[in-house]
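S.K.: Here are the chains, one letter per residue:
There are 2 protein chains.
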Amino acid sequence: MISATPIPATARPLRLAGWTTGMQRSVLRQMLAVVSQPGILSFAGGLPAPDLFPTVDYSAAMARVLQSDASALQYGPPFRPLKRHIVALMAQRGVACSEEQIFLTTGAQQALDVLSRLLLDEGGQVMLEELVYTGIRQVVAPCRAEILSIPTDLETGIDVDAVIDYLETGARPAFLYAIPDAHNPLGVSIAEDKRRRLVEIAAAYGLPIIEDDPYGFLSYDGHSLPPIRAFGEANVFYVGSFSKILAPALRLGWLVAPEELAAKLTVIKEAGDLESSALTQRAVAAYLDAGHLPAHLARLREEYGRRRDTMLAAMARHFPSGVTWTRPRGGMFVWVTLPERVDSTALLETAVERERVAFIPGHAFAGPGVRAGNYMRLNFSNCCLADIEEGIGRLGRVLEAI
Amino acid sequence: MISATPIPATARPLRLAGWTTGMQRSVLRQMLAVVSQPGILSFAGGLPAPDLFPTVDYSAAMARVLQSDASALQYGPPFRPLKRHIVALMAQRGVACSEEQIFLTTGAQQALDVLSRLLLDEGGQVMLEELVYTGIRQVVAPCRAEILSIPTDLETGIDVDAVIDYLETGARPAFLYAIPDAHNPLGVSIAEDKRRRLVEIAAAYGLPIIEDDPYGFLSYDGHSLPPIRAFGEANVFYVGSFSKILAPALRLGWLVAPEELAAKLTVIKEAGDLESSALTQRAVAAYLDAGHLPAHLARLREEYGRRRDTMLAAMARHFPSGVTWTRPRGGMFVWVTLPERVDSTALLETAVERERVAFIPGHAFAGPGVRAGNYMRLNFSNCCLADIEEGIGRLGRVLEAI
Numbered sequence: 005m006i007s008a009t010p011i012p013a014t015a016r017p018l019r020l021a022g023w024t025t026g027m028q029r030s031v032l033r034q035m036l037a038v039v040s041q042p043g044i045l046s047f048a049g050g051l052p053a054p055d056l057f058p059t060v061d062y063s064a065a066m067a068r069v070l071q072s073d074a075s076a077l078q079y080g081p082p083f084r085p086l087k088r089h090i091v092a093l094m095a096q097r098g099v100a101c102s103e104e105q106i107f108l109t110t111g112a113q114q115a116l117d118v119l120s121r122l123l124l125d126e127g128g129q130v131m132l133e134e135l136v137y138t139g140i141r142q143v144v145a146p147c148r149a150e151i152l153s154i155p156t157d158l159e160t161g162i163d164v165d166a167v168i169d170y171l172e173t174g175a176r177p178a179f180l181y182a183i184p185d186a187h188n189p190l191g192v193s194i195a196e197d198k199r200r201r202l203v204e205i206a207a208a209y210g211l212p213i214i215e216d217d218p219y220g221f222l223s224y225d226g227h228s229l230p231p232i233r234a235f236g237e238a239n240v241f242y243v244g245s246f247s248k249i250l251a252p253a254l255r256l257g258w259l260v261a262p263e264e265l266a267a268k269l270t271v272i273k274e275a276g277d278l279e280s281s282a283l284t285q286r287a288v289a290a291y292l293d294a295g296h297l298p299a300h301l302a303r304l305r306e307e308y309g310r311r312r313d314t315m316l317a318a319m320a321r322h323f324p325s326g327v328t329w330t331r332p333r334g335g336m337f338v339w340v341t342l343p344e345r346v347d348s349t350a351l352l353e354t355a356v357e358r359e360r361v362a363f364i365p366g367h368a369f370a371g372p373g374v375r376a377g378n379y380m381r382l383n384f385s386n387c388c389l390a391d392i393e394e395g396i397g398r399l400g401r402v403l404e405a406i
Numbered sequence: 005m006i007s008a009t010p011i012p013a014t015a016r017p018l019r020l021a022g023w024t025t026g027m028q029r030s031v032l033r034q035m036l037a038v039v040s041q042p043g044i045l046s047f048a049g050g051l052p053a054p055d056l057f058p059t060v061d062y063s064a065a066m067a068r069v070l071q072s073d074a075s076a077l078q079y080g081p082p083f084r085p086l087k088r089h090i091v092a093l094m095a096q097r098g099v100a101c102s103e104e105q106i107f108l109t110t111g112a113q114q115a116l117d118v119l120s121r122l123l124l125d126e127g128g129q130v131m132l133e134e135l136v137y138t139g140i141r142q143v144v145a146p147c148r149a150e151i152l153s154i155p156t157d158l159e160t161g162i163d164v165d166a167v168i169d170y171l172e173t174g175a176r177p178a179f180l181y182a183i184p185d186a187h188n189p190l191g192v193s194i195a196e197d198k199r200r201r202l203v204e205i206a207a208a209y210g211l212p213i214i215e216d217d218p219y220g221f222l223s224y225d226g227h228s229l230p231p232i233r234a235f236g237e238a239n240v241f242y243v244g245s246f247s248k249i250l251a252p253a254l255r256l257g258w259l260v261a262p263e264e265l266a267a268k269l270t271v272i273k274e275a276g277d278l279e280s281s282a283l284t285q286r287a288v289a290a291y292l293d294a295g296h297l298p299a300h301l302a303r304l305r306e307e308y309g310r311r312r313d314t315m316l317a318a319m320a321r322h323f324p325s326g327v328t329w330t331r332p333r334g335g336m337f338v339w340v341t342l343p344e345r346v347d348s349t350a351l352l353e354t355a356v357e358r359e360r361v362a363f364i365p366g367h368a369f370a371g372p373g374v375r376a377g378n379y380m381r382l383n384f385s386n387c388c389l390a391d392i393e394e395g396i397g398r399l400g401r402v403l404e405a406i
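Here the protein sequences come in this chain order: B and V. Under the numbering used here, residues 5 to 406 are what the first sequence spells out, in order. Under the numbering used here, residues 5 to 406 are what the second sequence spells out, in order.
Hint data in this document are derived by calculation from the structure and do not stem from the laboratory. All C-beta atoms, glycine included, are put in the ideal place defined by N, C-alpha and C. Do not take every clue at face value.
Below, a sample of chain B positions facing chain V; criterion: calculated Cβ distance under 8 Å [stated by the list, open to error]:
#1 G43
#2 I205
#3 A251
#4 T341
#5 P343
#6 E344
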């Protein structure tokens, strides 16, 4: 095919996909940049404690793999020994599944993205809690999804009746997103009866539930409920992650999904990043082979539990009446409810300027149209006990002045 | 909100997103599974040579990072020292860019995915060569893109006149995907005049070009052309990768993109996997700090060049007349044209059964409606010289019998 058509001399601008016009940077990530100044005592981030990373043991595992496994740096299929370890981890959480149901992902975030591509059509509906992890909103944004907002009870978790009401009035959401334990940002764990009702709903309405469980292994009161997936299998997709129990920089997570969807999940994942690092898969498996995890988890639970208790005790001492908060059984966050008249975004400015202490205002987690002006999220996992004491004291002075 | 509505007892099946109905596993990946049997001499894969991985130096770099950098296992922003190294690498390819224009991705595949989300609307058009890397087809599949097929000249690369013809007859593709050097699967590099015309077209028509350059540093004839991005900046998105020059398991690639798109690219990337591994970013930067790359690249070029030359010489000796092939200046693939009547998929069966030798039939790379029955792709990067000699001899016997 030969063409004599000359190229026009006038330049035309770049045209982006339509959905990108309304896209917004995560409010959360923007705020984190603002409060990450030296000298500020920050309860803002959602980071695990770097002083608790298993650096030495992981480094040794990595060195062993690089010395002994010639395929560690190559492309390769998902590493089955790692899947075996994950099956065993799931069993500890009360979830029975097979290696064929484990699907490895580049962190839990990729699992959310892959599931959204599997389930959500352009312009489709999704059910999200009014206040919830912002990463799930970013995942559904390219499909311009219609968000069906679900309230959350701060004692028992997601409002199951609201879910049913939507379904009974004709809603056909692509999925419901739920965090079973130590909800981000609310800190709440879903009550057992609600877990049972959710699996009934998933089966009865054909409603896929994406169960995002990064904190399930981090429970500090000596007992924890099994995740939703343990109560029923039909239409429940469990998402797990090594980010909070080993380290975020591994970028390794997993899905528990029906075996018959494996081929489709594989194609979607390949489109995203071909495969998760063969090296990291092997290094994590080698770390787990060496049997380090149980002691490491015990240490995390003990230390994070102490930090939570320290924060809760300090809040009880320093926060004025009229301020309430959740008492999380695990995870990394406490959710604070301020008097309705308070605007926590304005309060953050005061807190940073006057007392050099930071938190995340509730509205960072709010869906469109959701009022969340009088809340704040506090992180307790990434501060030492002394900083927690000091920071909560400072925050108490800020709150006394409202 | 309280509801007395009971949950219906009849189960409803899972409903998947509409596009997944027609989705197909990559033919290529399926074939690779078939031919990966022991005893088969395979020219099928697209793998770099594991014996040439910089395992010892990378392992040392990884150990240094884990010993010295407390933030290596944490979440973190893109690692600027790595961006600096990439700016220097790009300069070696003749591309002037700043750190602010470098965007780190989890392998080049993620860069393609992120760009597709940035540029492509549901049901939009994309321009792909008739025969091209299958990963780009997987990327655009969820948007049910209309593919505008562009022929490729085996001596000079992509048919630029065909691109203009489409544009002049009203096509408005979201992007054109191009591989500047050592095309996968065709082995061809785009001629210099075509590179110049492509940047003119990109600017004049507002046509984004995604320039995927995994093999640009692997050129074996002592000279190589700069990539398209070096000839013009407007609407050209350069995609680079460490997979072929260091190792695939790093899952680390990069984009060179306009700085004003950084915020949007960041949001899209965060939705996909939050961030690329902070540990890997630091380990690769430490490897590059140590100055290992130039000698490593020289070794890759020498050894891969020898493998290519060995394959081409063996083909000249063993292949019958009527069979022709490209002479790639770099990369990993030779593209073989068989007589029109030959069906290379059937031929693969014969080759595997009779001679225990494998290749990828051309149709694995073909777009919908594209006839590519009489081609085969041969990989030369992942076989030792003796295996290349032996395997091409076997393939010659298969071809003599057609």
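S.K.: Starting from the hint list further up, note which numbers the structure goes against and sort them upward.
M.R.: 1, 4, 5, 6
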